[in-house]
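Put chain B on the given structure of chain A with help from the hints.
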Amino acid sequence: MTDTTQKATVKAAPGAAPAAPVPAPAPRRTRVWRGVTPWLFLIAPLALLITFTYAPIANMLAYSFTDWDGVSPELHYTGVENYTEIFTREDLFRVFFVSGYYLAASAVQIVAALYFATILSFNLRFRNFFKGVLFFPYLINGVAIGFVFLYFFQDGGTLDSVLSLFGVHTDHAWLGTPVSANTSLAGVSIWRYLGLNFVLFLGAIQSIPGELYEAAELDGANRWHQFRYIIAPGIKPVLTLTVILSISGSLSAFEIPYIMTGGATGTETFVIQTLNLAFRFNKTGLASAAAVVLLLIILLVTWVQRRLVPDDKVDLA
Amino acid sequence: MTRRTVARTLVYLSLIAATILVLLPLGVVLLTSLKSSKELAGGSGALSLPDSLFNVDNYVTAFQDGRMLTAFTNTAIILVVAIGGTVLIGSMTAYAIDRFTFRFKKLVVALFLVAALVPGVTTQVATFQIVNSFGMFDSLWAPIALYMGTDIVSIYIFLQFVRSIPISLDESARLEGANAFTIYRKIIFPLLRPAIATVVIVKGITVYNDFYIPFLYMTSEDLGVISTSLFRFRGPYGAHWEVISAGAVLVILPTLIVFLSLQRFIYNGFMRGATR
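Residue numbers (our numbering), protein chains in the order written: chain A, 1 to 317; chain B, 1 to 276.
Heads up, a few of these hints could be off.
Not close to chain B: a few residues of chain A, all C-beta gaps over 12 angstroms, as computed [said to hold, decoys possible]:
1. 154
2. 212
3. 220
4. 233
5. 308
Derived DSBU-like pairs: lysine-lysine, alpha-carbon spacing no greater than 35 angstroms straight-line [stated by the list, open to error]:
6. B:105 with B:38
7. A:236 with B:106
8. B:186 with B:106
9. A:236 with B:186
10. A:131 with A:236
No lab work stands behind these hints, which were simulated from the structure alone.
Note that beta-carbon positions come from the ideal geometry of N, C-alpha and C, so glycine has one too.
Chain A with its partners taken away, still in its complex shape (with noise of 0.2 angstroms):
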């Protein structure tokens, strides 16, 4: 590792030239030692990248082919069973279904980010206090909205008083059917994100000069006008990153439903069961099979994004 290193930035040393101000070629120790420094800088960094990232990726892709318990030093090579596994059996492919509620839920909440962006955009009293309000559950702690919610909408709970204000009484058990339990969730969800897809959002519409909306005006433009051919075109790239994000948040949402059922009355999500295979169940030969396909996805739905909207600001050599 260090013979490569020294070579290599010896050789590097000429590319190295046009960085330094001096003309005349410098001693041979310098260069040398110029070609050094950027490693000495990124020598930690780069370890601890590939230790936490690209080391548990590789292991990650070799036990998933082996039926490894993650405990006995005992493991057997299994081929693709695993991935078999996870598209054949109902009760572990059930968790995508489960993704549809939180994919729902994001169509909601961009839509409605979108909406209270754009009216916030415009010049209302109290602006900043909405604009707080709408932004401020995106910082709450996730364990603290989960008991905030399960008192919502528990038996008698925030959720019952209100529509009983309503003159509504219902005992219905809000997180006690599949269908009920998840919408309730997803709408959780919901509560917690919108306000960091509004504040994108809103980020993206007051970057649009002001002009424009004027020139609009003079040529009769209304409200709908102004979002249709101003906002809608400037937010586009924020808008798929945005949709991106909810995708692959949707596919890994773990905190909500496992602090508030702990993933009981059809509510395991793909993440919950991942980590219950691997340390309940210790089948982490299975689990890396799941971790490797939900990577897949998030990495095959984000190069679509990039296919769809070439994002120059990535580029970064």
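Only chain B this time, still in chain A's reference frame:
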């Protein structure tokens, strides 16, 4: 003109409805935290006001029996070390990538780029084995190392700022005999102050709120952080909503204070973090 007034009214109504939707669940929990267990059992309904607005008994119970002091201490330690590390690592990486030309630079950049796309939740199955093999399982080091090692977003934020620092500053310092480390320490790092503020805020809130990593890696009760300690309220206080509510309020309060005092930085920070 009347149409405009109607539209305006509808807009305000929708905003008020949203405000109620956001604040009502939180407000009710605040009310509940001030009630005694007798009041709750009395069945006066979740929306009723508590008998005394200054009843802090539940907070005392939550703080002492819920071991919130340990939790806040552990969270504070993790916050300070992990954020300090993130700032150092992020700024060093950004400096090296932006200011030097070296071999394999493209590869290094690609490694960081691709890592940004990998969601941490997916790889924990295997990360767990690695953390375990270092003997970091069930210690404060596990979350510290993971928060420091997997934060690509702050590298992006630093990179944007390093780019905006004129290279001529480096050059004139170099002419005066400063080496790369002096330039980083004396010129780049101080000029990165706004980026550091952003990273500290965004990272701080994320770490403070994180549940997944401490839950997975710090299982013993002495190592509770605020998320996991609050989560443990479920067992012993299962039916005592007044104590659970007090715990939740205790956890939310610091966030509210930080939010109110640093609003502008927080909006900008999260926008930068997400759109990177």
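Practice prompt. Return the numbers of the hints above that this structure violates; sort them in rising order.
Written response: 1, 6 and 9
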